[in-house]
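Novice: From first to last, the protein sequence lines are chains A and B. At position 31 of the first sequence the residue is numbered 30 (numbering that gives the first Met the number 0), and the sequence of numbers has no breaks. At position 139 of the second sequence the residue is numbered 138 (numbering that gives the first Met the number 0), and the sequence of numbers has no breaks.
Just so you know, the hints here were simulated from the structure itself, not pulled from any lab data. Take the hints with a grain of salt, since some may be wrong.
Distance windows between CB atoms, simulated [as the list claims (entries may be wrong)]:
id, chain 1, residue 1, chain 2, residue 2, range
1, B, Gly429, A, Leu128, 48 to 54 Å
2, A, Leu144, B, Pro48, 46 to 52 Å
3, B, Gln302, A, Lys148, 17 to 23 Å
4, B, Thr67, A, Ala73, 19 to 25 Å
All residues carry an ideal CB built from backbone N, CA and C; glycine is no exception.
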Amino acid sequence: MKSLALQWVEAQAMRAPHIVVLGLADGEHIREWLADNENSRVTVIETDLLKMTAIRHQSPSWLAKADLVHINSADALMIHPLMKFMAEKMAPVLCYQPGYGEAKALYDEYFRILTGRNLRGLNYFMDYLGFKGERSIEVSLGGRLITIKELGLIIDTHHSGHQRATAVRVLRELVI
Amino acid sequence: MKILVISLLRVGDLFQQRPLLQRLRELYPNAQIEVLTNLSCLSARELFPEVNEWRAFDREKFQKAVGTAEIPLLAPVIELETWLASWTGQPYDLLLNFTHNKLSAQLAAMIAAKEKRGLLAEERGFRSFENSWLRHFNERFGMRKGTPFHYAEVLAASFGLSLPTPPSPQAQGTTIFIQALTSDTKKNWHLSSWKKLVDQLRVQRPDFSVKILGAPFEKEKLLSVFEEEDLAILGWTDLQKSLKTAALLISGDTSVKHLAASLNVPILELALGSADPARTGVYSQGDVILHASVDCAPCVHSQPCRKMSHLCGESLPVRDVLKTALQILSGDELSLPEGKEITLYRTEDVPVAGWMLLPGGQWTTDLAAEAVDQATWKLSLDAEKIPETGSSAWALRYYVHSEALTILCAEQVELETRLQAAEASLKNIGRQLLAGQHDAGLFQQVRREFNTVTSLSSRVRRHLLDLIEVGIEPFPSPLHFYGALKKRIEELKVRTDLRGKLIEQLLQGEKDHGKTVGELSISGPEASGESL
Numbered sequence: 000m001k002s003l004a005l006q007w008v009e010a011q012a013m014r015a016p017h018i019v020v021l022g023l024a025d026g027e028h029i030r031e032w033l034a035d036n037e038n039s040r041v042t043v044i045e046t047d048l049l050k051m052t053a054i055r056h057q058s059p060s061w062l063a064k065a066d067l068v069h070i071n072s073a074d075a076l077m078i079h080p081l082m083k084f085m086a087e088k089m090a091p092v093l094c095y096q097p098g099y100g101e102a103k104a105l106y107d108e109y110f111r112i113l114t115g116r117n118l119r120g121l122n123y124f125m126d127y128l129g130f131k132g133e134r135s136i137e138v139s140l141g142g143r144l145i146t147i148k149e150l151g152l153i154i155d156t157h158h159s160g161h162q163r164a165t166a167v168r169v170l171r172e173l174v175i
Numbered sequence: 000m001k002i003l004v005i006s007l008l009r010v011g012d013l014f015q016q017r018p019l020l021q022r023l024r025e026l027y028p029n030a031q032i033e034v035l036t037n038l039s040c041l042s043a044r045e046l047f048p049e050v051n052e053w054r055a056f057d058r059e060k061f062q063k064a065v066g067t068a069e070i071p072l073l074a075p076v077i078e079l080e081t082w083l084a085s086w087t088g089q090p091y092d093l094l095l096n097f098t099h100n101k102l103s104a105q106l107a108a109m110i111a112a113k114e115k116r117g118l119l120a121e122e123r124g125f126r127s128f129e130n131s132w133l134r135h136f137n138e139r140f141g142m143r144k145g146t147p148f149h150y151a152e153v154l155a156a157s158f159g160l161s162l163p164t165p166p167s168p169q170a171q172g173t174t175i176f177i178q179a180l181t182s183d184t185k186k187n188w189h190l191s192s193w194k195k196l197v198d199q200l201r202v203q204r205p206d207f208s209v210k211i212l213g214a215p216f217e218k219e220k221l222l223s224v225f226e227e228e229d230l231a232i233l234g235w236t237d238l239q240k241s242l243k244t245a246a247l248l249i250s251g252d253t254s255v256k257h258l259a260a261s262l263n264v265p266i267l268e269l270a271l272g273s274a275d276p277a278r279t280g281v282y283s284q285g286d287v288i289l290h291a292s293v294d295c296a297p298c299v300h301s302q303p304c305r306k307m308s309h310l311c312g313e314s315l316p317v318r319d320v321l322k323t324a325l326q327i328l329s330g331d332e333l334s335l336p337e338g339k340e341i342t343l344y345r346t347e348d349v350p351v352a353g354w355m356l357l358p359g360g361q362w363t364t365d366l367a368a369e370a371v372d373q374a375t376w377k378l379s380l381d382a383e384k385i386p387e388t389g390s391s392a393w394a395l396r397y398y399v400h401s402e403a404l405t406i407l408c409a410e411q412v413e414l415e416t417r418l419q420a421a422e423a424s425l426k427n428i429g430r431q432l433l434a435g436q437h438d439a440g441l442f443q444q445v446r447r448e449f450n451t452v453t454s455l456s457s458r459v460r461r462h463l464l465d466l467i468e469v470g471i472e473p474f475p476s477p478l479h480f481y482g483a484l485k486k487r488i489e490e491l492k493v494r495t496d497l498r499g500k501l502i503e504q505l506l507q508g509e510k511d512h513g514k515t516v517g518e519l520s521i522s523g524p525e526a527s528g529e530s531l
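Build out the structure end to end from the sequences listed, making use of the hints.
Specialist: Right under this line is the structure:
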């Protein structure tokens, strides 16, 4: 029978030179991922420092291609260098839910911030990309992730003249 | 000189745009002509020697990136910019957006060019259209019965590129090609019907060979009905070569149909589902279209069939397709289909009016009236030039006879009456606005008047369509309503006047010469020293 870690790797449609994984667990899924994606590099975010330290002590070979990052709050994430890395590389963010433990809500928040799919995360990345000024979302998300449609609304409302606004509008046309 | 053409629809549209690309090459023989198209269309590039470079838009990749939660929301924005920057260096001298949709308009806005033509996005909305044909394309092409013109004609005129005369079919071999599958299941005739047709063709015309065309991805589906040796699974280049030996192509509404038309292959088109023969039927003169005229046809292109069964496909009997195919092959006169809801059309190119569909393959009184009306539209849309109604009337004289002129005159009276009523309403509204009044009742009454058109002929209704729209549309203020109405009435007046002048000249020609249609000198007024 396939392990949870292997099943997780096989279920991922995403392939990228660098990915961010939320949840370290025992690290098996990272080992499997790197075995399947030899040229890939992984940044793993873990909220439990003890768990991370334990893995580091074991020093598995896959650690050579993985960076373990301990972040224990959304505020800490916002000022972490990982945010700048994400703004530059726009790496896919994959969730390993078996590794979330009791911190599911926190990991969900990390996911939204890192992918720019809540206003906090989106504000960071838009500022980084030169969209200056205040912005808000006029529609209620009701727990949903921000999509290109809401981004389009934000652009039309707050940044309609920005040089990058048209690129957002092109992409919005692909899903309407 | 660097020219970029944006063509982001399907391969069939690219084939229809081919004469325009060829015209561009004639106009700019030394230019670098590039085409931005969907990745899926790139396979046909070898058939376009007039194009120097192709740029592929990977629509699926961007769509996937936008729709995948794990990919940061702004990542595709950066990716799109990076992709564009990788091939757009120096600004283009000319950018032509042949694709009339918002996506292409936004992309056109992202690409630097000294001159841009066609739909173009701006910071707030879209650029106002630079000519009346583009406005017509934008406002009427998407509406059923909104335009009398074929897609190829509207597109060419919108970009000021002259279209060559539609090709005429000429059998060049002894193979009957069948293109059974289309890009949309709604447009497909059932494969079992195709099989029966092929079997019958082989029995009745053993002197011809029959081959079923298909792309590699269609092979498996075709093998569910046909034998391997029946199939001709070909890439675009081999397909073009094969079609040059065709006696006939029987096809649904497909890109192969458009390619075959440009190669003068005789075509029998089966127009089902969303296929709209009046707008995107085979652009040629002398080919045949069998159209299932069921109530729901043509249906909406992007939506699945909403009926319990495929009514249009089921209404097309194999015997009608077989009979028509045999008549084309033997050069016999076409007979009317037996299927109650099947209309047979022959394609025709009429002077001044342009491409038309002849129901039953015959020239009728109503069609003659339609030709004059179509010519009116063309002349009014060309109104930036001074319309030559005299020579147009002369060119049309063989097609228009007394009965048609009677119909046209009656319609003209109706049209002029409506125009006068609309002008009077406009004046009333204008007076009220000047006096700072706003009688909601008057506005309602005007709107109601515009909507009372059910008793009118389809041609008159088509002219009044803009007024009907103004009557329905909400406006932010009475002033906006007035402005929109004024503009529409001015356009209608130009058309109505032109139409009246054309009819008058046709009537005068008939009266002066006292001759019936077809008796005038074919060399034109100059040759006979006469003038209309």
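Novice: Which numbered hints does this structure break?
Specialist: none
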